[in-house]
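Student: Which chain is which? The protein sequence lines are A and B, in order. Sequence positions in the first sequence follow our numbering and run 1 to 222. Sequence positions in the second sequence follow our numbering and run 223 to 389.
Mixed in with the good hints, there may be bad ones.
Claimed, not checked - Cross-link-like lysine to aspartate or glutamate pairs, in silico, EDC-like; alpha carbons within 20 Å at most:
#1 B:341 x B:351
#2 B:341 x A:169
#3 A:146 x A:125
#4 A:146 x A:12
#5 A:157 x A:169
#6 A:146 x B:263
Unchecked claim - Stretch-level coverage of chain A by chain B, calculated; a stretch enters the list once three of its residues show a Cβ under 8 Å from a Cβ in chain B:
#7 15-23
#8 33-46
The hints are simulated quantities; they were obtained by calculation from the structure and are not laboratory data. Ideal placement from N, C-alpha and C gives every residue a C-beta, glycine not left out.
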Amino acid sequence: MKDDPTQSGVPDRLHAFSKIFLETVLVAAVGAAFAFAANQISPLGLALTRDYFPSGMMHSVRPVASDELPDVAGTNFRTLFPAQLLAAQMKEKGLQLMDVPRLLQLFHDPRFKKDAIVFIDARDEEHYQQGHIPGAYEFDPYRPEKYFDTVLPVCQKSEQIVVYCSGGDCDDSESAAVLLRDVGIPNQKLFVYSGGITEWATNGLPVETGARNSGNLRKRNQ
Amino acid sequence: MKTCQIICGPIALDTSAVLTRWLLGAVFIYMGLNKALHPVDFLKLLRQYDLTQSYLLLNSMAAALPWFEVFCGLLFLAGIAVRGTALTLVFLLVPFTGLVLHRALLLQSALAISFCAVKFDCGCGTGEEFICRKLAENFLLILLTSWLLAGHGRQLSLRFNSIKSSG
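Modelling step: build the complete structure from the supplied sequences, incorporating the hints.
Tutor: Written out as structure tokens, the structure reads:
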């Protein structure tokens, strides 16, 4: 009962507070050491010095009518929704955008089968396995080292590369495109399909589940 | 009957305090592990708060916070440095709740919907939730943690005070 501040005088109470504060500092210090060690040991741990967002650190949801919006010719940002805003921001970074009709043309182009046209799925393995554009390569921009060996040679040989993720306000396709550009893939070959797998599937287009070229196709609403 | 009133009251209080400590411990371990097992998802969610332009700082927060929560949860479960742990968690919970509220207000403004209709994954380890519910949960967590900070939950603890009294 001695360290119960409600039972003691003012000096004892101050002493009790300082003890709690000291204990807090101790918990914070040991906890931080534990946390960084656990992250280091964990196979899923983050690399502290890696820039996971080469396309930019800031990703806030801003009011649509904000004055901070970038100035891109021919774009009325004041009427844009977040997904469209993201598409406009990609354009601003020099990334070329692709829409569904053009994507479909490429999908049915004979060069697609020969890897002269390459689709890159910039989502994690779990989402890729659940469904991707048939023939698309898996490339998680947060674990690029796992995919470079497969994806880089294909991208180097290809004529056009289309990168996509989930769509909406997902900007992993942007990160993947910037990452590929940073390792030497020419910018003119790179396109971002901002509608992503969501728009693709919503249009009733085929979705492949499991591994690339598994042949397991499904259509939305099936 | 009078004897029970004298004894049963404190016993009930002690029991609820210990149960609260264990419950909070389990909650923090669960929420921490949820994030620690999906660190990239947590990193992306944390990025949405626009806390910093430094990726080193953002990576450090995303790497450390989940495991730090697990650590605090373990201390609560074991009953080690309970008040220090409680104060640490209050220091984390209060500003984080402020950030969640700020982001909810931004979303509300961007989507032009009512405040309680705002639903998003705040990175708390419980997935997408309606903001009013999330704020109520956080308020409850702060309240219960503050209760432990006041010195409750001593029973069945390994070392309630990690720093011994000098007097």
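Student: Any hints from earlier that this structure breaks? Give me their numbers in increasing order, please.
Tutor: Result: hints 4, 5 break, sorted rising.
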